[in-house]
Structure formats: structure tokens, C-alpha cells
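Q: Line by line, the protein sequences give chains U and V.
In terms of the numbering used here, the first sequence is residues 3 to 353.
In terms of the numbering used here, the second sequence is residues 42 to 937.
A portion of the hints provided could be inaccurate.
[Claimed, not checked] List time: in silico DSS-like cross-link candidates among lysine-lysine, alpha-carbon distance up to 30 Å: (1) V:K657 to U:K139; (2) V:K862 to V:K504; (3) V:K258 to V:K127; (4) U:K211 to V:K127; (5) V:K420 to V:K359; (6) V:K685 to V:K657; (7) V:K875 to U:K70; (8) V:K472 to V:K825; (9) V:K56 to V:K404; (10) V:K657 to U:K156; (11) V:K472 to U:K70; (12) V:K875 to U:K319; (13) U:K211 to V:K825; (14) V:K875 to U:K156; (15) U:K156 to V:K504; (16) V:K659 to U:K156.
Simulated from the structure, these hints should not be mistaken for laboratory data.
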Amino acid sequence: MKNNDVICWVLSPEFGMLIKRCRNRIGDANHLKNSNTTALSTMHTPLYTSDPRDSEDVRIFDIGVFSKCDGPGVRTVVYFQGCNADCDWCHSPHSRLHRSPLLYNVNACIGCGRCGSCENAVHSFTPTHRVDRSLCKRCGMCIERCPRSTHNVKGSALHLATTTMSVASLFEQIAPYTRLSGASGGVTLSGGEALLQRSAALELLSLCKQRGIHTAVETSGLLPTETYRAAAPWVDLWLFGMRVITGENHPRHDTHIDAVLSELSSVSARILPRIPLIPTFFDREDVIESLLRLLNRYNLEEVCLNPWNRDYDLFYKQSGIPLRMPPPTDDAIESCRKRFASLNLNLYENN
Amino acid sequence: MKTTELRNGMNPRIKVLYDQLIDRAMGDRSEEWFTPEMFDDVVKEKKPDSRFALWSSIENCSVIVRRAVAIDRMLIAMTDPRNDIKTRTAEIQDGDLLLGNMPMGSNGLGKMFPRFLNDDELRAGSITNRNAASLFGHNTMNYEELLRDGLNKKIKTCSERLDELSPIVNEGKKRVKSCRAKYEKACAKYGHDTPEVQTSLYELRKEDGILIGNKRKFDFYWSVKLACQAVIDYAGRFADLAERKAASTRDEKRVAELMEMARIARKVPALPAESFHEAMQSICFFHIALHASMNFISLGRLDQVLNPFLEKESDKDKALEVFECFILKCARRLNLNNKYLVAQDHVDYATVLGTHPYYIDQKAGVNNFLQNIIVGGIKPDGTDATNSCTFLILQAIENVNLSTPGIYVRVHRNSPEALVRKVATSIYHTKNNPSVLNDEVMIPSLYNALMQDEEPTPEMCAKMQELANDYCVDGCWEPILNGKSDWTFGMMVGMLAVECALNQGASLQKDDALFRGAKVAPTTPVPQSFEDVMNYLNMHLQFFVDQSVMSLFLYYTIDENAAPSPLFSAYLEGCMEKGRDKASGGANHNIGGVVIGSVPDMVNQLAAIRRWVYEKRKYTIEEVCEAIRENFGTDNSSPLTPQKRALYEDIRIDFDTNSPKFGNNDDEADSLTRKILDMFYDCVQRSAVFGKRLFQDPAPESEWRKIAALRALAGYTGLPLGWTFQIKMKVTAGIGTFEQYNWQGRGAAASANRLNGAPIAPNFSPAPGTTRSGVIGTFNSLSKLKLERFAAGVITDVCIHDEGVTEEVLTQLVREFVVNKGGMMTVAIGTRAKYEEIYEAAAQAATLSDEVAVALLSRYAHINVRIGGWQTPFITLPLDHMRNYIDRPTTVEHAS
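Please construct the entire structure, taking both the sequences and the accompanying hints into account.
A: See the structure below:
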């Protein structure tokens, strides 16, 4: 528990429920002003660090295969549902909640209006297709009625992304792909924040390790050190998503991440810091200075730059979650890239 | 040898030849086709063979002899400088290391050949749709003997046999003449139908039968001799051309090359080959001769045949270069511009495929030449067959990356790691080659097929195991024995049987002149349960399989009189020993396959019907049949009430998106697939027994008349083929569509995931757009189906989105396929966006000037895809085929 953690309770307009969100960004207040979420209170409370409904089953919103961007070799990536980081630049905002809101892919929609027969009036046509997710019970009837949608198939016009299954079943699904990836690849737990579903994540990691599969976990470093300690024996590589640390505005980041990195370093785990190329956030000189200090402290010589995701706004559009930041210009991205390239770091970029 | 020792990519010589090929292929090739006036007309020719002048003129010779003469005429025409102005068949391109050129021709555009059938034969063949163009191809050469012995030895053998037979035939003629005289005398003396006349007639027929048998043998050896000599002469003429070209060439290096090529052409194929270059030239001449004579025969296990020559070769890069020249030779007939195809349409009504008028997808077959190379696998003795030449061939194919010749790699559990990696590397770089044959499935399936009707003695088992171990595929993907079997097959569309099961034996395609639809099978009741549906499906499948199997036997009653193959038969095991052409049952092994298409559509349709009609009872079977007949209400001109239209739309959505799908590791769909496959396989076994009883096996005396009556009812009144041709047909089952999925779909009513007349699923692959659980989901489904019983082949086309695909992933993909017991696999790597881009370009090109269109399309000339039976340049596909491909790339994603 960190006293300086800043948590806000926000009302999710889609679900009419209160959810906790960590404010871990620079200028949260400004960003909140621009969002449709309503801040109810701001208080110093413990960071949301585990899923309150954690169970034996695992909730995921996607499985990616043949990824070359999520660890060494070719990776099978399991995207866990639920996240406590709430990054402005997040490109899968539907992963933040316990379950993904109904995704609506306007490009696949043929405008037949069959989903308008929804008993909960989620879909209306006035005259364009509007989706009121606050009324959605996730019954899936609209998907069944839609000629362009199939349950559990990505790219459908309507899609409920979150799937719940046993860890054993999940492993059975991904195991063939790990064979395809070969010895140099492996499994990466991503999200969301995978370790929020701690027991499921650990079970999956242990299954992988028992079969000699290389494991990587992508994390924001915002979970309790104890969680990382528990997972460490099963993790070959930590893909450490660096925060915007300045040493001033967010003492939680500095101290907490420092503690987490200290914990992971003590167990000789391999850590690969990953810095997203987000102009005006990560290329601020105070941020760069803080990051370099941190990297030096733990002798982290290799750094991975995550390029700006060109499809950043895709799931905002599909989920109805408002964008918090506009996409940066190409020039801004390039400038950010050049700034990092000028540093004396062993950098490589995911493409 | 390691693959890393070989050159990656084309060297300057090959690149120049490649560019010339592509340039030519992008242009108008209609002028390059042979025309009838370029040949001497065989049937009018009056030059009897001086030594064996049994008939007064060639016109009176048997079909097979006339055909052999026609082969010679064709090869002469190909080196005639007057013809070469247009056909370019006598050309020696700068830099080329091999002599000989293919004349224009393809599966989809047809063939040109000197006429050798007379008017009566053509008229008689009109009822069976068989003539010279009916040559089936679809077989494979084993070039081992040709390279080892040369054609001269074959000719010598023929001459010896002819010398033996000549006096026998002459003696037989005398006997027949004498018997005829006795018979005529008896007729005059005793009148017809008297015992004396019957006795003399019996004697006459007996002697005549013996004479005909010997004449057949004589003509066979004669025709083989003529055909083989024609190929030697063809090579000799090219040697002359090379020497003449050398005389007018200044570049000394090139002069030396031309003189060496001339030397080789004077040696092979007449004599045994000694070097790799000689071996390739020998194969090249013979392959060209086969294809030029309308017989599209495949190349077989070339790595096995060529490796001894490669081992002796010190300059491996030279060997690679020669092989690349060979690939370019084989690909010489490519057409890459759709604008110029109509003028090249030379397809005859009787071209291939059974006794029906031509009905295959011509446009899809424009660049199909039925020429595959098979590498890897195991040897007849069961040991791994991978060798240095395996890698050389794969490297050459990878470097040149053309759609033809096709390349298949046989892979098994213990295939060397390096081979699997090389396969993956080649697929990665070419995006479509090679295709994979799984020995773990194909060998047991062929072994079991070969053991049909055989006593399982240890000797027989060992013999059949050796044959199965040595299998290869023909010009598409049908498994056959390596130069040891004659193959024929029939195709059927399973969806028609499903429609019949639902619609009382009638098609569900709407026809306003009919009540329920076209009656294509026996009437069955309206199904009251899903069990009923499956029972009726079984009955209709049996009906269609019976038709198909009986037609396999019927081929053998016709083809020897229209389309014999003396050149190919010379090297098909059994023919020379028996003195019989393959069309007369000369091959030691005869395999006939029944290949069913649209199984994935059958599964999707039946799974939906089970769920929504018989389990959830949301719709009645009558409503579903009506919806299908009305094309799910999508035709706005159809007078339907809004309620009905809404109902049909509901049915369509439930069928399309809310039902289990084939090839997605869905237990419900997979168990249904297994049931359908069991049913089909059992039908083929039953039909095989029935067909053999009718057509092949001599009946016991007590059943003779009954069987003969049945045989006549089936359209054949002759003696059992087991007697006349010594045929022992092994009937096999297979699953796939070849390139026919668009064409066959036209005859199928609407079903889950497709509208009326839309393409059926290609081969044994998920219908485009229905892959929900990635390639692995499909492999998992295949693993449940016991595919090692489908000896006529079962092939799955995989199209993977290129994002994230690496050589390592492809390596493992091949391994997974083998382990999961898929039968055969083709892989195309592409993206929906790229295919859409080419589709748009192709549509646009049709409206542009030639020059602009060529510039636009040539950017995509290197992109090849699999269309069921073969690889083909994507830009040459008809637009409907392109559209079908656009939905195929799967990102190998899992359901979320």
C-alpha cells in the first residue's frame, strides 16, 4: 500500500457502475476534464492491485499468435482482461474493465437494423446506428441476430470480446501455437494487466514452464512487489512498460517502480524496459532524465521502444470509450523517436 | 550437400531468361499456337513403314500407330523454320542451357496436334465424347529407365519383339484367311445356322481373335518404336540448330556452350545420360515430346532420379543453373494477360474428364500444364529419401518462383530437420511453394488401397508396401504409383446429395418449370428427423458414387480406340512386358479414384439443419428447403411476402453465423464431418465391389448371363475387363475439388455461407471466411477424421495472412500438419488487402490500353496462389476466383 497512490472512482457510462481507476498520468485532472467519465471523488487509497472477482477461471479478451513484438522470437500473446493502469495512450481501452463493453465495428455493419430488436434497447437508429452500452446485459442476442457477426469472432460487426475459460482450457488452446513458435519463441501474458488475475496468471505461467515454454509477462509495474515475487519463478522475461516518471509529480511511480525493479533484480529475472513513443509524455526532458537514472540503477542496458500504434483509436471507436488524447502528428512521433535515438542506450524498436 | 552451398536468387543468365519469359507471357500469344496447316495430315499420308508394311497405308493402320506417326509429325513441325516464325518452337534463346521448346497448350486453353483419327472414328466417338483430345494426362513418368538406358535400348527391344511377332502375325493372317475361306465355303454349301457353319465360324473367330491379339501387340511395339525414334530425331534436329547458331555466334563462351548443347542433344535421349546436364536434357526432350503430343504427364520424383548425376557433378551451381533453365522451359507456355486468352481457346468438346462434354473451369486452367515435381519422402525400402538433389530442386524452384512446374515435398515424422526447414524457407520466400504431402497419411492409404482383392501374404504385403512407399502425385494432386500405375478418376459434388436428401431426390435449385427441382437421384421421403436426413444422404451418396465408379471402368472400353499413349506407355511399368498400351490395360496397376467435393459445405449445411430444424426446432425442413430454393430471399425480384423474406433471412443468418463450422476444431462439426467421410468411404467400397462384379471380374458360369445383362444395362456389352485387359482396378476415395470449386458451385443451391451458384469450399478447406480458430483449429479438426484411408488424396489449402509469419513458424506449421495427420497441404501467404489490390487492378486492366494494362499487371506477375489443383499466377485468375481468394487469408487468430 502506498499512501501517495491516487485513485479516482469513476462512473462508467456504459455500465452504470462504479469502477476504480488509478490516476497514474501526468496532468490527470486536465485529462479527466476532457473525458466523459465523471470523477466522483479523489482520495488517497490503495492502488487497485488485484481483481476483486478473481476466480479459478481466467478472463481474456484476445489471443494473438505469431507476434514478433512481444518478446523474443515468435510469441503467442494472451491478453488478459482488466487493467489498473488507465494510460491515456492505451490502444485497447476495452481491456480496462472487468469485462469488455460491446464492440461495434461500423465497417462491418450493413445497417440491416436486425440488432434493433434488442429487448434492452441497446441499439437504436436515429437515423444512424447508436449503441447505448449502459443498457447492455451482454446477452449476445444482437450478435446472434446480426448477419455480420459470429460469437467470439473478432472483426464481427458486434463483438463481446471478453471470454472466460479455465486456465487448462486456455493452455490447451495456445499450446499448439507455442509449438509453431518454436524454441526461440514462447508465451507472453499481456493485457490489460495480466497479473491482476494473479492466480490464473500464475497457473498459466507454471503450465508453460512445466512444458519448457519461454514466458514473458508484460506489466506496468504497478502491482504489489509481493505479486511480482510470487510470479518471478515462472517468468523468463519481464516486459516492463515504463511509466511517465519525473520524480516529482508522481512519487508513487518513482518509489513503487523502484521497489518492483529492485525485487525483480534480486531474483535475477531478465527485465526489458519498454518505452512507448508518446510525444509530450515520454520525450520530456525530466521524464527522460528520470528514466535514465532508473535504468542505470538497475543496469538495464537494453531498452525496447514501442512505436506509436497507428490504430490507436480503433477500439475507442468500437467500444464507445472516449479518447483522452488526440493522435500525435507524424512529425511529433518522429521527433520523439529521434530524441530517444540520441540517447546512449542500446535501443531497438518493435515493428 | 547443405542448402547454404547453393545460390539464393537468380543469377544474371537466369534473370534474363526469366524476364524474357514474363515479357512474352504478358503479351498476346495467340499467334504462337500451331494451326492445322502446319502439320502433315496423318490420315491422308501414304507412306507405309517399309519394314513392317502390314497395311497398305498409314490411314489403314491402327489408331495407336497413326498416333505414333502423328507424334513424329508434331515434333517435325516444331523444328520447321517456317512454323518457328510464329510458334518459336525451334528457338534457342541466348543464355539457355537446354534445347527444345514446348508448343502452346494448357489444360484450360487446349492442345493442338496433327489429326490422326479418321472420319468414322470421330463420328463414332461423338456418342461417348471421346477423341484424340481426350488424352487424360494425369500420370507421372519415372525417368530412371530413360536416363539409365536411353531410347535406343527401348527401340531395340521393340525391334526384337516386332521381329518375333512379324512371322506370327503373318502366319495368323494366313490362318484367318484359310478359316474365312472354309467358313464362306460352308455357308455356300450348307446354308447359315447349320452346325457345319457354326463350327467353321467358331474356328474363324478363334483364329481371328488370336490374330487381333498379336496385331495389337505388334502395333504397340511398332508405335513405341516410331514414337521413341521421333524424339531422338527431334533431339538431332535441335543439335543441328545449336550448331548452326554456334556458327553465327561471336561470343566464344556462348559458342562453346552451344556446341556442348549440340553434343548432348546428339547423345540423349538416344543413349544413357552420364552427367547432370545430359540427364536434364534427356528429361527435357522427353517431357516436351509428351506434352507436345497432348499427353500432359508429370515429372515424378526427380530428386531420386537425378541425385546420382548430381553427386558426380563437381559444379553444383552449374547444376542449379541447368535445373533453373528446365523450370523456365516447363513454364514457357505461361499466359499472364487475360486480354489475349479468347483467341487462344483450343479446347475441344472431348477434352479430358470422362464421357461428358468438356465441363471444367477453363479460365482457371489457363496456366495449368499438369507437370509436378515430387521430392523428399521415403524410398521403396522405407528409408528416408531426402538427398542433395532434393535441396537443389527446392532452391531452384525458390529462386525462379514460377507457378509451374508445381512442386510437392513428401514429409514424414522422421524427415530431416534440414528438409522441413528448407520447405518452410521456400514457402516463406515464394509465398506459395512447395506443397506438402504427408507420408504418414498417404502411404498407409495407398497401401490399404493396393491390398484390395489381394491375398495378404508376406510377399504381397511387402510388395505393396514398397509401391506405396514410392508414391508420388500427378499433375494436380492425385496420389499414384511412381511410373507404375495408370490412373483415372471421377468427381462428384457432395452438396447435390445433401440437396437430394432434403428434397426427395431433387436439386434445390429453383426452376420455375419444375415443381420441386430437377430430379437427379431416386426419390426418398421427406426427412422427419436428422437421422432420416443422414440415412437419405447415404442413399444418394451411394447413387452418385455408383455412377462415378462405373464410369471409371467405362473409360477402358473406349480410350484405346481414341487416345492411346505409346510414348508414355513405353516407360509405364507393365506395358512393354505385356505389349499393351496403357489405354488397353497395359499398366501393372490400375487405380481409379472417386473424389468428392464440397464436404466442408455439406458439414456446414447439415450442422445448421441439425441445430435449427431438429434440435432447436426454430424452423421446419420445408421452410428451410423453401428458403434455399428462394436463395434465402436475396433475390428482390422474387415475389415473396415480407414475412417470408424475413423468415428466409433469419434462416440464412442462423445458418451462416450461428452454427458449427467445418475445420474449426468444433467437436459438433468435426463429428459430423467424420460421419460424412465414413459414409462416403463406405459407399466407395460398396461401389467398388459392385463395379468390379459388373465390369471387371469374370463371373462364375452360373451367374454369367445375369452379370452380362447388368453390364449391358450399365452401357457396356463387352467381355469383363479382367479378361480383355487383365485389369485389376483398385478403387479409391478422395476429397477435394481441384480448381472446380467455382464451377461446381454453380450447380449447387444456396447453403450455409453461400448463395445459390456461389463457389463451394475449395478442396478440403474451410469455406473462405469461416475460419474462426486459425490454422491450428483446422489441423485439429483434420486429426479427428482418420484421413489415412483416402488414397485418392485429401488436400487442404491454407492461406495465411503474412503478418507475423516467419520461417520458424512455417517450419512448425509443416510439422503440426504432419503430426495432426492432415493428408496434403498447400500454403499461400498473402493479405486480403494485397489480393483486393490486384483484383481492382485486374478489373481496371480490362478497360485499359494494352501497354498500360501490361505495366499495371506486371507488378503482380510474381504472385502465385493455389487454386485447388495447382498453383497459378493470381493476375490471370478470373475475377470470381480472385474474389474467392480475398476472403481466404486467415491471421491464424484464435477466437477471443
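Q: All hints are to be evaluated individually against the structure, with a verdict given for each.
A: Do the hints match the structure? See the list:
1. V:K657 to U:K139: 23 Å, holds
2. V:K862 to V:K504: With a Cα-Cα distance of about 24 Å, the restraint between V:K862 and V:K504 holds, given a limit of 30 Å.
3. V:K258 to V:K127: 39 Å, violated
4. U:K211 to V:K127: 68 Å, violated
5. V:K420 to V:K359: 27 Å, holds
6. V:K685 to V:K657: The given pair, whose Cα atoms are some 20 Å apart, holds under the 30 Å limit.
7. V:K875 to U:K70: Holds, at roughly 21 Å.
8. V:K472 to V:K825: 28 Å, holds
9. V:K56 to V:K404: 28 Å, holds
10. V:K657 to U:K156: Given pair V:K657, U:K156 holds - Cα atoms ~26 Å apart, limit 30 Å.
11. V:K472 to U:K70: 19 Å, holds
12. V:K875 to U:K319: Answer holds: V:K875 to U:K319 is near 25 Å, not above 30 Å.
13. U:K211 to V:K825: 28 Å, holds
14. V:K875 to U:K156: Satisfied, since the Cα-Cα distance of roughly 21 Å is no more than 30 Å.
15. U:K156 to V:K504: 52 Å, violated
16. V:K659 to U:K156: With a Cα-Cα distance of about 27 Å, the restraint between V:K659 and U:K156 holds, given a limit of 30 Å.
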